[in-house]
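Listed here are the chains, written in short residue letters.
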Amino acid sequence: MLKVEGITVCYGQIPALRNVSLTVEEGELVTLIGANGAGKTTTLRAISGLLPLASGRITFEGREIGNAAPRTVLALGVAHCPEGRRVFPHLTVRENLEMGAYLRRDHQAVAQDMERLFDRFPRLKERLNQPAGTMSGGEQQMLAIARALMSRPKIVLFDEPSLGLAPNLVERTFEIVSDIRREGTTVLMVEQNAYAALDMCDRAYLLESGQVMEQGTGQAMLANDHIQRAYLGG
Amino acid sequence: MTTRLLPWLFVLVMAVGPLWLGDQYILYVLTSTGIFIIGAMSLNLLLGYTGQLSLGHIAFFGIGAYTSALLSLGFDLDLGGVEPFVLGPQPVWVAFLGGILVAALFGFLIGKLAFRVRGAYFVIVTISFAQVMRMVALNWVDLTEGPMALNNIPPLSVWLPWDGVLPLYRKEYNYLLVLAVAVVCFLVIQRLVQSRVGRALVALRENESLARSVGIDVTRYLVVATVIAAGMAGAAGGLYTHYIRIVDPDVFMFIYTVTMVIMVVTGGKGTLAGPIVGGLAFGILPEVLREVARPEVQWIIYGVAMIVVVFFLPQGIVPAVKNWFAGRRKRVAGTALGLRKETSA
Amino acid sequence: MEAHLQHLLNAVVLGGTYALLGIGLTLIFGIMRVVNFTHGELYTFGAYMAYMLAGMMGLNFFMSLAMAALLGMALGALIEFTLLRPLKGADIDTTMLVMIGAGIAMQAGEQLVWGGVAKSVPSPFPTEPVVLGSVSVGMNRLFVLGVALLLLGGFYLLINRTKLGVAMRATFQDPDTAALMGVNRGLMYTLTFALGSGLAATAGALLGPIFVVTPTMGDLVALKAFAIVILGGLGNIPGATIGGFVLALAEEFGAGYLSSGYRDAMGFILIIAVLIVRPQGLFAMKERIG
Amino acid sequence: MSLAFDESAAPILEVREVAVHFSGLIAIASMSFAVPEGEIVSLIGPNGAGKTTAFNVITGFLKPTGGKVLFRGTDLTRLSSNRIAGLGVVRTFQRTSIFAGCTVFDNVLTGMHRQGRAETWGALLRLASVRAETERMRAAVAEILAFVGLSHRADELAGNLAYGEQRLLGIAIALAADPKLLLLDEPAAGLNPSETEAFMGVVQRIRDRGVTILLVEHDMRMVMTISDRVVVLNHGRIIAEGPPEVIRANPDVIQAYLGQGVKHAKG
Amino acid sequence: QETIKIGVTQPLTGAVAASGNYVANGARVAEEVVNANGGVLGKKIQLIIEDNKSNPKEAVASAEKLIVRDKVPVLMGAWSSTFTLAVMPKLVEYGVPMVVETSSSTKITTSGNPWVFRIAPTSAMEAKSFAEKLDHFQPAIQKADFLAVNNDFGRGSADEFRKMLQAKGVKIGVTETMAPEATDLSAQLSSIKQSGGDTLFVTTGVEQITLILKQAAELRLPHRVITNGGSSSPDQLIAQAGAAADGGYFTLFFAPWFPEKAVHPTVAKTFVDGWNKKGYDFAGLTEGYRGYDGIMTIVEAIKKAGKAEPQAIRDALWTVKLDGVNGDIAFKKDGPEGKESGQNEANVYVVQVKDGKVTMP
Ligand SMILES: Nc1ncnc2c1ncn2[C@@H]1O[C@H](COP(=O)(O)OP(=O)(O)OP(=O)(O)O)[C@@H](O)[C@H]1O
Ligand SMILES: Nc1ncnc2c1ncn2[C@@H]1O[C@H](COP(=O)(O)OP(=O)(O)OP(=O)(O)O)[C@@H](O)[C@H]1O
Ligand SMILES: [Mg+2]
Ligand SMILES: [Mg+2]
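Residue numbers (the working numbering), protein chains in the order written: chain C, 3 to 236; chain W, 30 to 374; chain A, 339 to 628; chain B, 2 to 268; chain X, 3 to 363.
Do not rely on the hints blindly, as some may be mistaken.
To be verified - In the DSS-like style, the derived pairs of lysine-lysine whose C-alpha atoms are separated by at most 25 angstroms in a straight line are:
#: 1; chain 1: C; residue 1: Lys156; chain 2: A; residue 2: Lys501
#: 2; chain 1: W; residue 1: Lys141; chain 2: B; residue 2: Lys64
#: 3; chain 1: A; residue 1: Lys501; chain 2: C; residue 2: Lys127
#: 4; chain 1: X; residue 1: Lys309; chain 2: X; residue 2: Lys45
#: 5; chain 1: W; residue 1: Lys351; chain 2: A; residue 2: Lys426
Honestly, the hints are just simulated from the structure, not real lab data. For clarity, every value in this text was computed on a predicted model and none was experimentally measured.
Let's have the full structure, built from the sequences with the hints guiding it.
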């Protein structure tokens with residue numbers, strides 16, 4: 003479904019990704035792990051069109067999307083929940099969610115989706131008219147996740163969705179990820195909570211210094227010595 | 030080592046070059062540009078280092094100019110008391126220093142105020158302050174003569190052991206004086222920004238709450254910066270007033286602040302040499318343009334030149350030149366490294 | 339009493355035009371954070387367009403007004419596209435410098451094209467004022483007030499109640515994330531700048547027949563518009579509206595009862611005073627830290 | 002690991018009945034707790050419980066609606082945030098906070114502000130003492146960068162660092178300020194388990210240097226491992242307080258915060 | 003062939019560009035007329051016109067440039083009093099005379115600058131001439147209010163007229179001022195309406211006069227409006243203020259509708275013809291004459307001096323007796339002894355707009 007083929011991405015002159023390839027099949031949950039600065043975020047940003055490719059190809063459902071505008075990529079069904087929350091600080095919670103459904107025209111369905119998300123994150127409903135920037139870190143993270151789901155994507159790119167969430171909510175978030183998968187949405191997830199991520203995913207990739215070092219099923223990766231030592235603190 | 034000597038070489042060339050050329054007109058242009066460069070340097074301290082855009086900076090310049098002019102001419106002030114307050118003409122240097130002090134005092138007030146308002150709000154407060162000052166100069170006719178202007182302002186003077194007191198009517202002297210003041214201001218700013226105080230200012234620019242969280246007394250340093258910047262702008266104003274020898278409320282014109290901003294940003298804000306390079310470029314440009322086109326077209330070229338500079342050198346001229354040199358050095362180093370690799374392989 | 343009423347009426351009428359200028363700028367300065375030094379020139383541009391269309395070409399006044407607004411938008415779009423777009427990501431001072439350059443060039447261009455001599459736009463309204471008891475006001479001024487109020491209401495709804503308005507605000511708070519939501523960033527930038535410019539041009543075209551049209555007419559106006567935006571809080575349309583009226587009241591009563599020499603200072607004194615008490619402007623919230 | 006909470010240790014920080022309201026919204030209803038000198042105390046609680054708000058109150062970024070904060074007997078609620086930092090109470094930010102336009106080195110150097118004495122006049126006259134001080138500080142910066150593991154990034158612009166590195170830099174800056182009491186707001190967010198583990202070592206070493214630490218963190222493995230004591234906040238009220246093993250078993254805390262299947266959470 | 007250069011500094015851009023350009027145009031007409039008649043001392047004259055950008059600092063820069071770069075032996079300028087005052091130290095520094103064509107501040111000729119020769123009248127002189135015409139006004143002026151632009155020109159004029167009217171037994175109401183760039187004057191006019199006077203004296207440029215007339219009509223101001231300072235152009239006012247201009251009186255130093263009523267009709271006619279030939283705006287004649295008379299004065303002085311040298315021109319300026327568009331031009335001594343400046347006694351005309359036409363009562 004999503005195919006990244008040998009991409010190189012640079013900030014200025016310096017390459018952050020070198021010849022990275024990965025694939026995500028329809029209905030899969032794939033995670034990306036790696037140390038700080040390995041290039042995980044960069045990979046997701048390149049897929050969703052925020053960064054230009056120096057070389058390589060990205061295709062989604064057979065269509066070339068490397069270097070396409072973020073809007074085009076989203077319209078094809080790729081949603082991106084960015085790192086570090088990135089809610090619109092001066093918009094209210096409701097307006098933030100509306101932004102998530104920006105490209106959608108089916109207003110009634112949008113309203114229903116919003117209600118469903120409120121069931122998952124009741125706090126958001128309590129705070130509908132609060133400017134997002136005044137919410138607590140975790141509340142903002144909930145909002146960011148909910149917002150990404152508002153577009154009814156075919157695939158969601160999550161960049162550290164559990165960041166700053168309390169344990170019970172981390173749990174809830176992973177449940178949601180499982181839920182949406184069950185509903186047929188594909189997921190590509192960057193997660194520092196490597197145990198949980200590897201445990202629940204189908205396949206995983208390990209990035210180191212901008213290159214794919216390992217790949218395999220989640221369980222295989224969990225069992226991998228190197229990964230145990232370097233990333234799981236085992 | 031060369032980079033340390035470079036500024037002094039520049040000063041030497043500036044001190045000797047124009048005098049050697051002996052062209053009065055060039056001297057005039059350089060002197061009046063130099064005065065504004067001093068203003069721009071002081072603005073850079075705020076804009077470039079603390080990140081506070083003072084779009085009313087000319088107010089300090091004007092206050093310096095008016096104070097210096099009034100002190101040197103003497104004035105009487107009826108404040109509604111029994112006796113009007115009368116002050117006779119003061120020696121020009123006393124007046125000049127007075128101008129600096131009063132400007133610095135206003136800088137203190139504005140700095141205190143800036144404690145409360147930042148960013149766009151600070152911009153507007155400073156604009157408003159300059160406008161109010163202009164209105165005061167315009168309407169307090171008893172003191173400032175309002176729009177009728179203060180004229181016949183004495184020039185600055187020097188005391189020479191063999192000549193006694195010599196009023197500086199000649200351009201050469203005025204030019205050298207402006208140059209000297211500029212050098213002093215440069216040194217003050219340089220030392221300040223390269224110190225702990227300077228880092229505190231930059232911290233304020235970059236991230237105020239973080240700065241406070243590590244114990245930087247943001248208000249205090251902002252006040253220090255504003256006082257110094259205002260004092261320097263006041264000195265520039267004093268130089269101006271004793272050089273042009275008339276001062277009227279137009280000295281508070283917005284376009285003058287804009288001129289300083291242009292000098293700072295095109296030259297490279299937050300760099301020491303920026304205001305000087307930008308100042309020379311955009312101070313001299315209008316004089317060059319005089320010969321080229323009709324007046325309106327001169328302005329158009331001037332405006333377009335600014336846009337062009339930003340487009341091609343968005344950081345300003347000085348950082349662009351620095352990067353170019355750094356890049357070249359890196360390339361040279363890179364090839365050297367490459368060679369070594371080959372030989373070792 | 340009569341004098342109070344007359345001053346009040348003057349202030350309300352003037353406040354409408356100030357508010358109009360304020361919301362145009364609050365879009366660009368308040369929302370986009372571009373210190374727009376062409377705002378005054380776009381105002382001037384609108385006035386000259388009204389002069390050209392209604393005065394020289396003899397078009398219907400209301401038609402000319404609409405066309406001047408559209409031309410102002412077009413010019414705004416052009417400025418955004420050629421000058422601001424290539425600078426994407428540059429800081430506020432850098433874009434400001436470009437706008438200063440553009441403003442200087444535009445003003446000189448206006449003088450080159452139209453000459454320095456004042457022009458006047460023919461007005462379709464009778465010169466006879468509307469008399470209300472002891473006070474009176476020009477018909478054309480009432481018209482301006484009416485249009486201003488309509489535009490203020492319309493833009494309030496646009497920015498705060500429509501999807502487009504939300505997207506506009508989102509874009510300038512976080513362009514990258516807005517793009518991830520499917521917003522066409524470029525379009526938003528151009529559109530916002532064009533709308534702000536269109537409002538400035540509309541103000542110019544509306545006021546052209548009341549005042550006279552000169553190349554420097556925008557200078558003072560631009561400064562006041564900045565003041566109004568700040569008074570109301572950045573990006574806040576109701577704030578800018580109220581800011582406009584407050585400024586007009588301060589000027590009118592300051593000039594009427596204190597000293598006319600300080601008339602134009604009143605607004606600025608007011609701003610300093612307001613910002614000392616409420617540093618974030620009259621109608622804005624404080625930011626959260628941490 | 003150190004012993005459980007020692008009643009006799011004098012509190013370095015005492016929060017007394019602090020309340021914070023935001024126009025109608027009650028962020029903190031009433032909160033009292035103490036931090037004994039030399040310990041690591043964790044403040045945990047669900048999202049939106051008021052932890053960051055408490056930090057904001059302690060460090061003077063927010064004036065509380067009511068209550069007091071005593072640092073070695075001084076009431077902090079009256080002081081400005083920089084004065085509080087001047088007393089040695091230094092915090093990090095939950096939202097990454099660095100001097101983005103400066104190099105990593107300069108970021109930390111700026112953090113050392115409190116340790117410098119050079120003032121305007123000294124700088125203008127370029128006194129020898131000032132120059133010596135600068136040299137000393139530069140050496141200290143290198144040490145701190147090595148301590149948090151950012152030495153190799155010293156000349157990079159801080160804004161260009163990856164997220165996790167920026168978080169580490171934030172801590173380096175706080176350390177540079179020579180804290181007596183260090184308040185860390187979710188320092189491990191964005192670190193993977195190994196990095197977190199290494200970071201726990203860093204925190205413990207900071208404590209061993211005599212710095213008291215108040216920690217807000219959602220990574221329970223870290224909290225439970227290194228804390229001497231845990232304070233649990235929910236809906237702006239303290240619902241439990243005690244050594245980690247007690248808190249871990251507290252049903253209220255499990256219900257409100259930890260959740261049932263702790264297996265997914267880190268640790 | 004060599005030419006004789008004459009320097010002109012005027013505001014060609016910026017706030018007061020409109021008037022500055024009119025004056026510059028008048029000077030250009032003079033240049034053509036002189037050169038068409040064979041120039042002076044057998045050479046053609048050549049104007050070098052510099053823009054002083056409506057600001058005093060630039061006024062100095064333009065004077066420096068003209069004197070040092072172009073080596074002109076004589077200057078004309080610099081429109082506003084502040085620009086002129088700013089240039090004056092340069093005249094002493096380089097020893098170059100300047101003919102002042104517009105500025106009205108008394109300071110210019112009283113501050114002891116022997117290189118300044120002003121053909122424009124001071125506000126005091128204008129008030130004095132106006133006093134002679136006071137009886138023409140029916141009904142007589144009982145109580146006067148003032149609205150003046152807040153600069154040397156406006157304030158000076160309001161002061162002098164107030165003094166003069168007071169001496170004539172007219173009651174004085176309020177004096178309001180306005181910023182030069184102000185467009186909304188309703189506050190000031192509302193206060194003036196309150197004062198209950200019958201006549202409003204207005205001193206400012208033509209743009210603001212237009213605004214005042216329009217806004218006075220909107221506020222139903224009962225006053226008769228009289229403008230002074232000579233910087234208005236009734237034609238422009240009729241065109242732009244329409245009916246609102248009706249009934250107003252305007253003091254001028256040249257009334258181009260009635261060249262025959264000028265002191266020297268043929269001179270006035272030559273000027274108007276030259277102006278029209280160049281296709282300049284009729285409305286600009288009331289200001290343009292200043293440039294014309296200024297250059298003519300300079301040319302006359304050069305002729306008398308017999309050489310184009312600053313000192314000689316200055317000495318010759320004292321002996322000039324010229325038929326100007328405004329009237330006779332000759333300089334009297336003004337200012338401290340030994341350092342006197344030259345001041346010309348200018349003529350003043352009052353016209354009235356009636357039924358959309360300019361008339362001379
Ligand atoms: N805007 C930028 N400019 C320059 N370099 C950048 C920029 N953003 C990231 N980098 C660099 O690119 C590399 C990869 O960064 P990236 O953000 O993709 O890492 P990451 O794997 O997501 O790390 P983390 O876990 O810390 O989020 C890092 O070395 C980082 O310093
Ligand atoms: N400036 C503000 N205006 C309005 N509400 C606010 C403001 N600041 C905080 N709040 C609210 O106060 C509550 C406490 O926020 P706080 O940031 O302290 O939570 P927290 O415990 O740090 O949560 P997290 O673990 O998610 O970071 C939240 O519900 C938040 O929405
Ligand atoms: Mg990342
Ligand atoms: Mg928090």
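Status of each hint after checking the structure:
no.: 1; hint: C:Lys156 x A:Lys501; verdict: holds, 23 angstroms
no.: 2; hint: W:Lys141 x B:Lys64; verdict: holds, 21 angstroms
no.: 3; hint: A:Lys501 x C:Lys127; verdict: holds, 20 angstroms
no.: 4; hint: X:Lys309 x X:Lys45; verdict: holds, 11 angstroms
no.: 5; hint: W:Lys351 x A:Lys426; verdict: holds, 23 angstroms
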